[in-house]
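Protein chains: 2
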Amino acid sequence: MRLEEEILKRITPDGEHRRFVDRVVSNLMKKVEKEISRLNLPLEARLVGSVAKDTYLPNPDIDIFVMFPPSVNRRELETIGLDIGRRVLGGEERYAEHPYIHGNYEGLDVDLVPCYKIENPSNIKSAVDRTPFHTEFIKKNLADHQKPEVRLLKQFMKGTGVYGAEAKIQGFSGYLVELLILRYGDFLSTVKSASEWKRGETLWLERRGDIKFNDPLIFYDPVDLTRNVASPVSIDSFSRFIYACSSYLREKDERFFFPRKREDWKIKKIREYFKKRETAVVIVRFDRPNIVDDDLYPQIRKTEESVANLLKSHDFIVIDRASRVDRHVLIAFELQSSKLPIAKRHEGPPMWIDHSKRFLEKWKGGKGLSEPFIDQGKLVVIAKREYTDAAELLRERIKTASLGKDFKGMGFDVVSGKTVFRKDYRKIMTDLLDKRMPWEI
Amino acid sequence: MRLEEEILKRITPDGEHRRFVDRVVSNLMKKVEKEISRLNLPLEARLVGSVAKDTYLPNPDIDIFVMFPPSVNRRELETIGLDIGRRVLGGEERYAEHPYIHGNYEGLDVDLVPCYKIENPSNIKSAVDRTPFHTEFIKKNLADHQKPEVRLLKQFMKGTGVYGAEAKIQGFSGYLVELLILRYGDFLSTVKSASEWKRGETLWLERRGDIKFNDPLIFYDPVDLTRNVASPVSIDSFSRFIYACSSYLREKDERFFFPRKREDWKIKKIREYFKKRETAVVIVRFDRPNIVDDDLYPQIRKTEESVANLLKSHDFIVIDRASRVDRHVLIAFELQSSKLPIAKRHEGPPMWIDHSKRFLEKWKGGKGLSEPFIDQGKLVVIAKREYTDAAELLRERIKTASLGKDFKGMGFDVVSGKTVFRKDYRKIMTDLLDKRMPWEI
Numbered sequence: 005m006r007l008e009e010e011i012l013k014r015i016t017p018d019g020e021h022r023r024f025v026d027r028v029v030s031n032l033m034k035k036v037e038k039e040i041s042r043l044n045l046p047l048e049a050r051l052v053g054s055v056a057k058d059t060y061l062p063n064p065d066i067d068i069f070v071m072f073p074p075s076v077n078r079r080e081l082e083t084i085g086l087d088i089g090r091r092v093l094g095g096e097e098r099y100a101e102h103p104y105i106h107g108n109y110e111g112l113d114v115d116l117v118p119c120y121k122i123e124n125p126s127n128i129k130s131a132v133d134r135t136p137f138h139t140e141f142i143k144k145n146l147a148d149h150q151k152p153e154v155r156l157l158k159q160f161m162k163g164t165g166v167y168g169a170e171a172k173i174q175g176f177s178g179y180l181v182e183l184l185i186l187r188y189g190d191f192l193s194t195v196k197s198a199s200e201w202k203r204g205e206t207l208w209l210e211r212r213g214d215i216k217f218n219d220p221l222i223f224y225d226p227v228d229l230t231r232n233v234a235s236p237v238s239i240d241s242f243s244r245f246i247y248a249c250s251s252y253l254r255e256k257d258e259r260f261f262f263p264r265k266r267e268d269w270k271i272k273k274i275r276e277y278f279k280k281r282e283t284a285v286v287i288v289r290f291d292r293p294n295i296v297d298d299d300l301y302p303q304i305r306k307t308e309e310s311v312a313n314l315l316k317s318h319d320f321i322v323i324d325r326a327s328r329v330d331r332h333v334l335i336a337f338e339l340q341s342s343k344l345p346i347a348k349r350h351e352g353p354p355m356w357i358d359h360s361k362r363f364l365e366k367w368k369g370g371k372g373l374s375e376p377f378i379d380q381g382k383l384v385v386i387a388k389r390e391y392t393d394a395a396e397l398l399r400e401r402i403k404t405a406s407l408g409k410d411f412k413g414m415g416f417d418v419v420s421g422k423t424v425f426r427k428d429y430r431k432i433m434t435d436l437l438d439k440r441m442p443w444e445i
Numbered sequence: 005m006r007l008e009e010e011i012l013k014r015i016t017p018d019g020e021h022r023r024f025v026d027r028v029v030s031n032l033m034k035k036v037e038k039e040i041s042r043l044n045l046p047l048e049a050r051l052v053g054s055v056a057k058d059t060y061l062p063n064p065d066i067d068i069f070v071m072f073p074p075s076v077n078r079r080e081l082e083t084i085g086l087d088i089g090r091r092v093l094g095g096e097e098r099y100a101e102h103p104y105i106h107g108n109y110e111g112l113d114v115d116l117v118p119c120y121k122i123e124n125p126s127n128i129k130s131a132v133d134r135t136p137f138h139t140e141f142i143k144k145n146l147a148d149h150q151k152p153e154v155r156l157l158k159q160f161m162k163g164t165g166v167y168g169a170e171a172k173i174q175g176f177s178g179y180l181v182e183l184l185i186l187r188y189g190d191f192l193s194t195v196k197s198a199s200e201w202k203r204g205e206t207l208w209l210e211r212r213g214d215i216k217f218n219d220p221l222i223f224y225d226p227v228d229l230t231r232n233v234a235s236p237v238s239i240d241s242f243s244r245f246i247y248a249c250s251s252y253l254r255e256k257d258e259r260f261f262f263p264r265k266r267e268d269w270k271i272k273k274i275r276e277y278f279k280k281r282e283t284a285v286v287i288v289r290f291d292r293p294n295i296v297d298d299d300l301y302p303q304i305r306k307t308e309e310s311v312a313n314l315l316k317s318h319d320f321i322v323i324d325r326a327s328r329v330d331r332h333v334l335i336a337f338e339l340q341s342s343k344l345p346i347a348k349r350h351e352g353p354p355m356w357i358d359h360s361k362r363f364l365e366k367w368k369g370g371k372g373l374s375e376p377f378i379d380q381g382k383l384v385v386i387a388k389r390e391y392t393d394a395a396e397l398l399r400e401r402i403k404t405a406s407l408g409k410d411f412k413g414m415g416f417d418v419v420s421g422k423t424v425f426r427k428d429y430r431k432i433m434t435d436l437l438d439k440r441m442p443w444e445i
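Going down the list, the sequences are from chains A and B.
Converting from the first sequence to the numbering used here requires adding 4 to each position, the first position being numbered 1.
Converting from the second sequence to the numbering used here requires adding 4 to each position, the first position being numbered 1.
Don't read these hints as lab results, they were simulated from the structure.
Keep in mind it's a predicted model, so treat the numbers as computed, not measured.
Be aware that one or more of the hints could be misleading.
It does not matter which identical chain is meant; a pair holds if it fits inside one copy or across any two.
[As the list claims (entries may be wrong)] In silico DSBU-like pairs for lysine-lysine, Cα to Cα no more than 35 angstroms straight-line:
| hint | residue 1 | residue 2 |
| --- | --- | --- |
| 1 | K439 | K343 |
| 2 | K388 | K371 |
| 3 | K366 | K439 |
| 4 | K202 | K388 |
| 5 | K265 | K361 |
| 6 | K439 | K361 |
Put together the whole structure using the sequences plus the hints.
In C-alpha cells, the structure reads:
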C-alpha cells in the first residue's frame with residue numbers, strides 16, 4: 005500500500021483545507037437561507053455532492069440544492085431558483101434538465117440548483133431531484149474508512165482520463181465511484197475486479213433491478229432500481245478503465261494518478277511521422293458553435309462520424325481520426341491516400357434483372373471508361389469517379405452529411421496538403437499521432 | 005427474315021460441299037469397317053454428330069464412333085479403339101473420359117471415338133456412350149425445316165462467343181442448340197425467349213427430370229432425364245447470350261453472326277488509356293503447362309481467382325482482370341494502385357477479450373507505427389504493412405496461393421510498371437481494355 009498511501013497524502017484535504025471548505029459552505033448556506041426567508045414558500049437549502057459526503061478531492065465543486073415543494077409549478081421553480089442563485093452568487097445561468105446558476109465563491113466552483121423535494125425517488129419530476137437521495141444514501145452507507153478509497157479511485161480515474169459523466173468525458177460520475185467502493189470494498193479490490201470486467205458487466209448492491217440495459221457497464225441505482233448509474237460510461241471509457249486497471253496491477257506507478265503533461269509535437273516531428281507513414285491528412289475546421297460542452301461534444305462526435313462515412317462512401321480509407329475544440333472545432337482524418345484514380349469499378353445488376361436495360365442504356369457508347377461487360381454474370385463498367393480528391397469532396401459535399409445540428413449553418417474550411425503542417429494544428433496532430441495512454445507518457 | 009436469309013445462304017453447305025463431306029464420310033466409314041472386319045469382334049462403326057444429323061456448318065468436324073459390345077473390358081476397348089483410329093487416320097491421341105484419335109482427312113477434322121453400344125442410355129459406362137442416342141434422337145425428332153434454324157442459332161452463338169461446351173468457352177453444345185430449336189420451334193423464337201431468361205431457367209421437351217440442378221441454365225436431356233445438357237454453360241456465357249439476344253432484337257445486324265476482327269491496340273493507345281484511368285497493371289506470366297485445353301482453362305480460372313484473392317487480402321483493390329494463353333499463360337490485373345502506404349490500421353480484440361493481453365504485448369513499446377489505442381472499445385494499432393508493392397507481393401507469395409495444380413511447379417515472372425507496355429502484352433492489354441461485345445466491334 006506504499007504508493008497508494010503516498011497518493012492519499014496528496015489528495016486528502018488537510019485540516020486547514022477542510023476548515024476553508026466548511027467556511028465557504030457555511031457562508032453560502034447562510035446566504036441561501038437568508039434569500040429563502042424573504043420568500044413566502046417552504047423552501048429548503050441542502051448541501052449535496054462530494055462535500056456533503058466527505059469524499060471530495062481538494063478544491064471541490066460545491067453543490068447546493070434549493071428544494072421546492074412539488075406544488076410549485078416548474079416555471080415558478082425556475083424563476084425563483086435562478087433569482088436566489090443570482091442574488092447569492094452572481095454567476096451565470098447554465099442548463100441541465102432545467103436551468104441553474106454556476107458561479108465562483110472564494111476560488112471554489114459553486115452550483116446552485118433548484119429541485120423538487122419529493123418523498124420517493126421513483127416519482128421524480130426532473131433528474132436533479134434524485135441527487136439529494138444519492139447524497140443521503142452514501143452518507144448513510146459509506147463507512148469512514150472507505151472514504152479514502154473513494155478518493156483514490158476518483159484520482160485514479162482522473163489521472164487515466166475516465167472521470168466525469170459529462171459529454172466531453174463520457175466516464176464515471178462521483179456517485180458511481182462511491183457505489184463501486186460500496187460494491188467491492190476498497191480501491192484495490194475495485195481495480196482488480198474491473199481489470200476483468202466484460203462488456204455488459206452488471207453490478208448492484210442489495211437488489212438488482214428488472215430492466216435490461218444495453219450499456220457497456222450497468223450499475224443499478226440503489227435509490228431507483230429503474231436507472232443505470234453507469235449509463236454515461238461510453239464503450240471507450242469502459243475499455244480504457246479496464247486497460248488502466250490491468251496495467252496498474254502489472255506495475256503500479258504514480259503516473260496513473262498524476263500523469264505527466266503531454267507535450268505538443270513540433271511541426272518537424274509531425275511532418276517526419278507522416279513521411280514515414282506515407283499517409284495523408286485532411287482537417288475540417290468549423291467555426292465553434294456557441295453552445296455548452298454537454299451539447300457540443302455529442303454534436304462533434306456525430307459530425308466526425310458522418311464526415312468519416314462521407315469519405316468512406318467515396319472509397320477513401322480512413323485510418324484514424326481525432327477531434328478537438330479550441331477557438332474552432334477541428335476534426336482531422338488520416339487517410340490511406342487523399343487521392344484516388346479516376347477509374348472505378350462499378351457493378352450493376354445481372355443481365356436477367358429488368359434494371360439491366362437501364363444500366364446498359366446509361367453506360368453504353370463511351371459514357372464510362374469502358375463499355376459495359378459481364379463478370380460473374382453481373383454487368384460491370386469502369387466508370388469515372390465523382391471525386392478523386394478527399395479535400396474537394398469535403399469542400400463540396402460536407403453540407404450533405406448529417407452533421408450535428410449546430411454545425412449545419414456553420415462556416416468551415418478544409419485544410420489539406422502541406423497546409424496541415426502549421427502551428428495551429430500541432431495539438432490535433434499530436435492527438436492523432438501520440439497514442440500513448442496518459443500513464444505511459 | 006431478310007438478314008437471317010442472307011446469313012443462311014452463307015452458312016448452309018451447298019450441293020458441292022455436301023457431296024464433298026459425304027465422300028469424306030463414306031471413305032472413312034469404309035476404312036473403319038475394313039479395320040473392324042479384320043477383328044473377330046461384333047463392332048459397329050457409326051457416324052454421329054452434326055454431319056449425321058445434317059445440322060452442320062461448312063467444314064464440319066466428322067465424328068465416327070466405333071461401338072463395342074459391353075462384354076469387352078475397358079482396357080481392351082481403348083487399345084483396340086485407338087489401334088483402329090491410328091490405322092485409319094494416323095492422327096494423335098486425345099483424352100476425354102477415355103482416349104480417342106483425332107486427325108485430319110482431306111482438310112476436315114475427324115474424331116474416331118471408341119464407345120460401348122448399350123441398350124439404355126441410363127446404363128452408360130462412359131459419357132461418350134450417350135452420343136449415339138443423342139444423334140438418333142435428333143435425327144428422329146428434328147424436322148427438315150428446322151435444320152436451317154439450328155444452323156442460324158449455331159452461327160449466332162459462334163459469332164457472339166458462346167458456342168462450344170469445352171472448358172475454354174463454357175458455352176452451348178451443338179446438341180443443346182438442337183434441343184433449343186425443338187423446344188422453341190425456330191431461331192427467332194429461341195432468341196426472343198432467351199432474351200427473357202432468368203438465372204436457373206429450366207427447360208425440357210416432353211418430360212421434366214426430377215433432379216434439381218443449380219446451374220444457370222437447365223435443359224433436361226430427353227435421352228436421360230438425370231442429366232442437364234446445359235451444365236457446361238457458365239454464368240458468363242449464359243448472361244452474354246441473354247445480352248446478345250436482347251441486343252439482336254433491338255437491332256439486327258450481321259455482326260452477331262460474323263463479328264469483325266478485334267484489332268490489338270497499339271502500345272501508344274494502351275499507355276494513353278492507363279494514363280487516363282490513373283490505374284496500374286500487374287501481369288503474371290507463367291510457363292505454359294503441357295496439358296490439353298480442357299484441363300488448362302479451369303486451372304487458369306482457378307489461378308486467376310487465387311491470385312486476385314492474394315492481392316485483395318493484402319488490401320490491393322482489383323478493378324479488373326484478364327487471362328490469355330499464347331506461348332505463355334498471361335494473367336493481368338488492373339489495380340486501383342500497385343502501391344500502398346506502409347501504415348495500415350490494424351484492429352485487435354476488445355479489451356475484455358483474453359486475447360487483448362497478447363495484442364498489447366505484441367504492439368506496445370514502439371513495435372508498430374503507433375502505440376495501441378482504443379476505438380469503439382476495440383484495441384487498434386497503426387501497423388506496418390507486410391507488402392506495399394503488388395508486384396513484390398506476387399513475386400514473393402504467389403507460391404502460397406492455391407494455384408491450378410499444374411501451375412504449382414511452373415516458372416513465372418511478374419511484370420509491372422513500364423515493362424507492361426510491350427508488344428508481347430498487346431493482346432492481353434486489349435482484352436483488359438477493349439470491353440466491346442463481339443457484335444459491337
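With 35 angstroms as the alpha-carbon cut-off, assign the pair K265 and K361 to within, between, both or neither. between (63 angstroms within a copy, 26 angstroms between copies)
What label fits K202 with K388 when the C-alpha limit is 35 angstroms: within, between, both, or neither? This pair counts as between: shortest inter-copy Cα distance 30 angstroms, intra-copy 47 angstroms.
K388 and K371: within-copy, between-copy, both or neither at 35 angstroms Cα: within (9 angstroms within a copy, 40 angstroms between copies)
With identical chains, the pair K439 and K343 could be close in the same copy or across copies; at 35 angstroms between alpha carbons, which is it: within, between, both, or neither? both (26 angstroms within a copy, 26 angstroms between copies)
Within, between, both or neither, where K366 and K439 count as close if Cα-Cα is 35 angstroms or less: Result: close only across copies, 16 angstroms inter versus 48 angstroms intra.
When Cα atoms must be at most 35 angstroms apart, do K439 and K361 count as within-copy, between-copy, both, or neither? between (52 angstroms within a copy, 17 angstroms between copies)
The earlier numbered hints are all upheld by this structure, with none contradicted.
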